[in-house]
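Spelled out, the chains give:
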Amino acid sequence: MRKSVLYLLSLLVVASMILAACGGATEAPAEPAEPAAPAEPAEPAEPAPTEKTVLNVWSFTNEIRTMAIAYEAKNPNVDVVYTMIPMTDGEYQTKLKSSLGTSDIPDVIALEAAFVKEWVEADFLADLNDLLPLTEELQTFPAVVQVGSHEGVTKGYSYQATPGAFFYRRSIATECFGTDDPSEVQALVADLDKFVETAATIQECSGGDYFMVGTSAAMFNPFLANRAQPWIVDDTLIIDPMVEAYIDFAKVMRDGDYESQASQWSEGWFAGMSDTLVDAEGTPKRIFSYFLPTWGLPYVLMPNSGETGGDWAMIDGPLAYQWGGTWVGAMADSPNIDVAKDFIAFVALDEENLTNWATGVYTNEYLAAIDPEVPEDQAQAPGDFVSSQVVVEKITASFDGSELYEWLGGQNNYEAFGKAAPKVNGALLTGSDDAIQRALETVRDAYLNGEITEAEMWQQWLDSVRSEFPELLIPDPPATD
Amino acid sequence: MNRFGIRKDYHGYLFITPFILGFLVFGLYPVINTLTLSFTDTTLMSREASFIGLKNFQRLFADDFFMKAVRNTWVLWILNFIPQIGIAMLLSIWFTSARLRIRAVGIWRALFYLPNLLMPAAIARLFFSLFSFYGPVNQFMVQAGILGEAMHFLQDISVTRGIVVFIQWWMWFGQTVIILMAGMTAIPIHLYEAAMVDGASGFQMFRRITLPLLKPILIFIFVTSLVGGMQMFDIPYMLTDGRGSPVYSTMTNNILMYMKFSSSKGHIGAASSVGVLVFIMTSLCAMGIFYFLRERD
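For the record, the sequence lines run as chains A and B. Taking the working numbering, the leading residue of the first sequence gets 39, the next gets one more, and so forth. Taking the working numbering, the leading residue of the second sequence gets 16, the next gets one more, and so forth.
Don't read these hints as lab results, they were simulated from the structure. Just to be clear, a hint being listed does not mean it is correct.
[Stated by the list, open to error] Which bits of chain A does chain B cover? Going by a derived footprint, with three or more residues having C-beta under 8 Å, they are:
#: 1; stretch: 97-104
#: 2; stretch: 160-167
#: 3; stretch: 312-323
#: 4; stretch: 404-410
[What the hints assert, rightly or not] SDA-like mimics (lysine to any residue), calculated; alpha carbons at most 20 Å apart, straight line:
#: 5; chain 1: B; residue 1: K70; chain 2: A; residue 2: L511
#: 6; chain 1: B; residue 1: K83; chain 2: A; residue 2: K289
#: 7; chain 1: A; residue 1: K289; chain 2: A; residue 2: Q497
Using N, Cα and C, we set each Cβ at its ideal position, and we do this for glycine too.
Given these sequences and hints, build the entire structure.
Listed below in structure tokens is the structure:
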């Protein structure tokens with residue numbers, strides 16, 4: 039008798055272990071690398087009398103969560119489960135790719151400008167052409183639709199258009215040029231030669247304590263936006279003259295000590311925005327300008343500007359460009375494709391939502407009234423530049439006298455971006471941009487720092503591109519002097 | 016009355032079944048799958064894939080990037096392993112020495128082991144902030160007059176490698192101390208007592224008693240450290256831009272594999288071929304260690 043009990047017990051142990059192992063097996067493939075930030079706990083919908091449709095949305099910021107909450111208010115039968123995974127070093131992209139073909143795949147995904155094309159060119163996103171009529175109604179900026187489309191099929195839409203601008207400090211301009219007037223400052227940085235001259239003026243007038251820019255890395259985008267050709271044409275890597283020009287320019291900025299050398303998104307770079315940058319000797323340093331696009335104003339510059347509000351101004355700068363932007367697409371395999379489409383239409387192609395989004399209707403109180411569990415910092419400040427020309431024209435005047443207007447010392451950012459947005463060219467983006475640009479950035483800093491020569495830099499970059507894209511034809515490295 | 020008719024000798028199999036199943040699913044299957052993938056051009060971003068034979072391997076040897084990753088990995092591992100085993104050996108000898116009789120050995124051992132409990136990612140990010148251009152290390156060194164002006168530590172090849180090596184050493188020497196001490200305390204004390212009676216010096220005892228009897232432990236440390244070292248990933252990945260900057264000088268085998276895996280299309284076929292080559296290389300070296308440190312009668 040005792041034996042049989044033992045036998046049963048051991049069987050149980052084995053069975054539980056096997057089951058535990060199986061439970062792990064379904065989860066394991068989705069975890070190639072731990073995401074740096076914990077994913078939001080995906081609370082399953084409570085067993086309510088009417089079963090809610092669960093829509094899984096993945097993104098790399100908390101922006102769309104705001105719209106997801108607003109969407110839930112309008113669609114009480116949908117439960118949006120929102121997961122945020124950061125993309126600082128590509129964690130989000132990796133997590134997305136590795137979840138393909140597993141049961142973890144979300145219904146709706148957010149795609150950043152750096153990798154949206156990879157997804158639009160591949161065949162995992164659903165065809166969203168039936169939403170196209172909405173873009174005509176809203177007059178969505180053409181570049182926004184162009185980026186979300188491939189071979190006549192539109193797979194992603196965006197709520198933003200992202201023309202770039204040049205933001206500068208009025209007090210430094212007055213001190214060094216005797217004027218802070220935007221049109222006069224624009225004349226001083228109208229082209230790249232003048233830009234460098236002005237950088238020298240600022241250095242001279244401050245005895246080296248003011249820098250023209252935080253880092254020349256921020257100017258990679260403006261240069262890339264002015265290329266004649268995309269990175270890849272007919273399976274060949276194209277090194278556009280603007281790429282070479284950028285490297286030369288970055289070297290001039292570094293050697294002339296015109297940049298603070300704080301790398302983009304680092305503590306020092308942010309400290310420059312609020313005048314709290316202190317160098318290693320303890321000397322306070324100031325940064326004259328930042329290259330940032332539409333979203334950079336409400337999300338990056340303003341929240342980090344500390345006490346410097348009102349001392350900023352915005353102009354076009356030396357190069358017209360666009361930078362970033364978030365597109366939203368649906369997975370073709372999603373079981374809730376209709377809800378996903380409806381959600382995307384709400385996020386990117388709904389006049390009311392876009393207006394609310396841009397004008398600061400989605401405050402924390404507004405969201406908390408819908409979902410009491412919303413985090414305290416979840417809200418959308420006014421000022422993000424939306425993709426619909428119709429909405430832009432309707433709300434531009436409302437920014438006169440707004441907080442943003444005061445912050446910019448009396449400028450209407452919406453008006454300025456509204457003029458720049460239709461000029462943006464969406465044709466330069468390709469699916470391989472992210473990898474190619476990251477590869478160049480890795481070696482660029484070592485070159486600027488004098489660790490390697492320019493020729494070595496080009497060679498290393500091409501080697502690494504070749505390693506990542508074995509099928510690509512790689513040209514000879516540019517000649518160096 | 017033995018209705019179930021269980022034979023005793025089945026029990027053993029029953030108890031190892033979970034492991035065998037776990038091994039087959041999580042150990043053997045991934046290895047075979049990786050091997051299969053390495054002969055294909057599978058990517059995550061396309062639904063089709065085809066068999067391309069040894070082309071992935073040909074490309075790896077042709078583009079020199081793989082050899083660079085292998086060199087980096089060996090350099091980083093050797094630079095960290097030599098001080099690690101050296102210092103761990105020294106500490107273990109002191110802690111177990113019958114002559115020195117150091118007090119509170121347990122506390123020291125725990126202190127040395129502590130860094131190993133921290134998350135590598137957190138440590139790497141911490142060092143990243145410490146050594147950034149406007150970071151505390153620059154401030155301290157410039158204000159103390161050690162450096163003339165602030166420098167980009169993480170853009171300097173030797174400094175960045177040095178930091179990677181230091182973190183690896185600092186995190187793992189405590190572990191090695193514990194294993195070595197376990198090995199040393201297992202050596203019968205009467206051997207040392209006899210040696211002391213015979214007038215042997217400390218070094219002679221180490222050379223003639225400790226080292227030979229410690230050989231199995233040394234082989235274990237060697238092989239596990241080698242396996243870990245060849246797969247070095249988290250520290251250099253998080254400390255740099257995820258690509259082994261500056262100039263790919265801290266790009267290890269696994270970072271290269273990860274770069275291929277996470278490149279725009281997600282070339283898992285090409286990434287697998289890196290994994291297969293690292294597997295072969297590590298296995299051959301481990302076998303080499305077993306061969307050269309084998310018992311010679």
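- Message: Closer than 8 Å Cβ to Cβ for three or more residues is the test here. Does the stretch 404-410 of chain A pass it with chain B?
- Response: violated (count 0)
- Message: Hint check: K83/B vs K289/A, CA-CA at most 20 Å. Holds or violated?
- Response: Roughly 27 Å separates the two Cα atoms, so the pair is violated.
- Message: Three residues or more, CB to CB closer than 8 Å: is that satisfied between the stretch 160-167 of chain A and chain B?
- Response: holds (count 3)
- Message: How does the stretch 97-104 of chain A fare against chain B when you require at least three residues with a CB closer than 8 Å, holds or violated?
- Response: violated (count 0)
- Query: Can the restraint linking K289/A and Q497/A be considered satisfied, given a maximum Cα separation of 20 Å?
  - Reply: With a Cα-Cα distance of about 17 Å, the restraint between K289/A and Q497/A holds, given a limit of 20 Å.
- Query: Residue count check for the stretch 312-323 of chain A against chain B: does it reach three with CB-CB under 8 Å?
  - Reply: That given contact holds, which follows from 6 residues of the stretch 312-323 of chain A lying within Cβ reach (below 8 Å) of chain B.
- Item | 20 Å Cα cutoff - pair K70/B, L511/A | holds (17 Å)
Violation of the numbered hints given earlier is confined to hints 1, 4, 6; the remaining hints are satisfied by the structure.
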